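J.: Each chain is listed here by its residues.
There are 2 protein chains.
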Amino acid sequence: MNYYNSPARQEWEKIALRPTILRAEMADTIKMVFEAVKSEGDEALKRFTLAFDNAHLDTFQVDTAAINAATTLVNPALKDAILAAKRNIEKFHNSQRITKTKIETTPGVLCWQESRPIEKVGLYIPGGTAPLFSTVLMLGIPAKLAGCEEIILCTPPNQKGEINPAILYTASLVGIDKIFRLGGAQAIAAMTFGTESIPKVYKILGPGNQYVTAAKELASRLGTAIDMPAGPSELMVIADETADPAFVAADLLSQAEHGTDSQVICLANSTELLKKIEAEVQIQIQKLPRKSIAEGALENSKFICFENAKDTIDFCNLYAPEHLIIAVADMDFYVQNLNNAGSVFLGNYAPESAGDYASGTNHTLPTNGFAKSYSGVSLDSFVKKITFQEISKQGICNIGPIVEKMAFAEQLQAHKNAVTIRLEALAKESREESQEQRIER
Amino acid sequence: MNYYNSPARQEWEKIALRPTILRAEMADTIKMVFEAVKSEGDEALKRFTLAFDNAHLDTFQVDTAAINAATTLVNPALKDAILAAKRNIEKFHNSQRITKTKIETTPGVLCWQESRPIEKVGLYIPGGTAPLFSTVLMLGIPAKLAGCEEIILCTPPNQKGEINPAILYTASLVGIDKIFRLGGAQAIAAMTFGTESIPKVYKILGPGNQYVTAAKELASRLGTAIDMPAGPSELMVIADETADPAFVAADLLSQAEHGTDSQVICLANSTELLKKIEAEVQIQIQKLPRKSIAEGALENSKFICFENAKDTIDFCNLYAPEHLIIAVADMDFYVQNLNNAGSVFLGNYAPESAGDYASGTNHTLPTNGFAKSYSGVSLDSFVKKITFQEISKQGICNIGPIVEKMAFAEQLQAHKNAVTIRLEALAKESREESQEQRIER
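First to last, the sequence lines map onto chains A and B. Position 333 of the first sequence, counted from 1, bears residue number 333 in our numbering, the numbering being contiguous throughout. So the number in our numbering is just where the residue sits in the second sequence, counting from 1, plus 1000.
Rather than coming from a laboratory, the hints here were simulated on the basis of the structure.
Below, simulated PhoX-like cross-link-like pairs (lysine-lysine); rule was C-alpha separation at most 25 angstroms, straight line:
(1) B:Lys1046 - B:Lys1031
(2) B:Lys1385 - B:Lys1102
(3) A:Lys310 - B:Lys1385
(4) A:Lys310 - B:Lys1200
(5) B:Lys1144 - B:Lys1120
(6) A:Lys276 - B:Lys1428
(7) B:Lys1393 - A:Lys86
(8) A:Lys310 - B:Lys1120
(9) B:Lys1086 - A:Lys393
(10) B:Lys1178 - B:Lys1144
(11) B:Lys1144 - A:Lys102
(12) A:Lys120 - B:Lys1014
(13) A:Lys385 - B:Lys1144
Covered by chain B, per the in silico footprint, the following chain A stretches (three or more residues, Cβ under 8 angstroms):
(14) 361-375
(15) 400-407
Source: prediction; values computed, not measured. A virtual CB, placed ideally from N, CA and C, is assigned to each residue, including glycine.
All chains, full assembly: derive it from the sequences and hints.
T.: And the structure:
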């Protein structure tokens, strides 16, 4: 741990700094993978899967038999837990729908927004030691709620070419049946260009290691949208004397076990409290299976004492944490003054892991300070909002002259004409009508 | 014009293709500009402004006197028009606020979203022949409504180092007072890094030429968010016999006058109608001040006849136009089946120019097919949505066991512990309580 006691404001920027990720060295590999996948398609995917994942594959798509078998391989208690988490995540994401409200900005001018699903989306689920089936829920559920037509899932196989049953079960539970045994930069390239086996998608979402992250960045430059830039996971806890040091320590460790590059920050209003939390960390860490990873992360962790709530929230906003636990007496002050964070956990009984799995909020969140400008994944991530305007004859008569003046001042005569020609036609129509009326009389 | 009559589906992809923009050749210039601005700050900005805009500047910020003077230089009728447009744009963007709804996903587990403004945003307004004060409204109004704390505006000066009064007036009207005489890649670099004069921002929004677009792309790789990738402006009109050929022609020309690379597409259900529209185009184009630009754009325009509505909307969805005018009898069919478009104009009296200026919708929209995955600028572009969860003792007892099972299955023991330690504390608390009750009895 690194301790800071009421650091001066001019030091804050430096304390809040994340480790720099050097992507330049990966750029050549990623570029090579993309070029090969673009020109050779599935052949290149097979080659890279053998080279990077040590798996020899003839086909990429997981067949129905394997998906069905997964259901019997996952233990019933876990299945119930996944089902319960699914219900909460669905409930919360379903509440994020926009309601279509037609606004009459001027008499005869109706404007509104409508959400439409992104038709083709690709979900990336990382491989590695643990099967991250929770991320299948976090991406698959909003994609389904949004109504995306084609949802595909790529995840790296093990050396036998298999996918963990919990991932298959969860994907199938949320209604995703196009599951591909494909990981790394080659998966991102395949979804960007499309190959014989893998469909091209319009947006790629999901976490991954730094190769996957760099590959997603390249995909976005090639015209495929991505969810957000990514970096190592982060947790900030703001605690005062009403917090339980053992709870805070457990929360910090839950972040620290992710990886040695995990960011763990604890802000408190006294050094005594920080010391108590550290003591609890030292006790709890002993029993962790991922102890050495957690120790690595804690080496770079920051324990900062701030004398007042204003400094605390200002530093929090400067850091812009991915996850923020607020365990203090006066929560309202922090909620009201919070500007930058991905997901916030309030009170002593809201550990980050509740949101990681089952409270209902999404766990795909902006890291690396991107919470200053990005939101986490939500229903919005899977839709576009199209604006509509319906303008009546009365409407164009009302706003037409405004448009004419502005277009003329911007020296866009044809923009003006598009209005003028309509206003003239309506003037003629009205002249003819009044003439007819005169004749009738 | 290029005519197509019921083209086969396998041809569609090719017809819908946009011209490729080669950004590679610009990459070196942009990189050089960014490096110089990062290391030399204002000095580099002065050098580039002299080199690229032929303007010699000592300071960049427009002073209050110049802003005040602008008010007297803009003619009163135009000021009234701008004010009326502002009211409509405000009304529509104000309706885009999300309402905070707390969802109890499980008893004791409350989840909700709150919007928070992006604190520092930079608006880019292109220079060139016409003063695009309308874009100041389209970016400035939602930024203000969102509550962004620091809003800066960069726009290139003329050779005398001046900004068009209409831009200054409009900026001041929407409440932006930090206006900088700075354009091109150097403006984007300055907002990305910050210099002595120009503040660093978290997000850059606004249109620009291909240098500005390439610079924004680099900015996004360096951690500054951008609104969306950009390409030449586009209009698709879907017309049937109920459309007025003269109106459609005027709309196509309003798009064509933007630039020779503008995309102009007309879909109709008969070649006769297409011919009538073309005849009207040939008449109306003669009087345009930007005739040669419009002619250039029309050379690449596409007039396509589709026999049925299904083919028409399918092609429209494949193309994903920035602007879409639907001037047909059965509008509902198209609205219901539309998936991909930026902004839609319904009926014979809804020209694109109405939305460009004054109907209330935004005119900063996804081009180049990005309407498949991106929305246009809206209030959302200036906020992040933070998720919150408040979990009571009852709440953690309800979802805790679910989290424990899932974390264990993902081999994240510390994630499980963060819940277990709370459940154990609560179990102890409840044992003690019942003991106390027994003693009391």
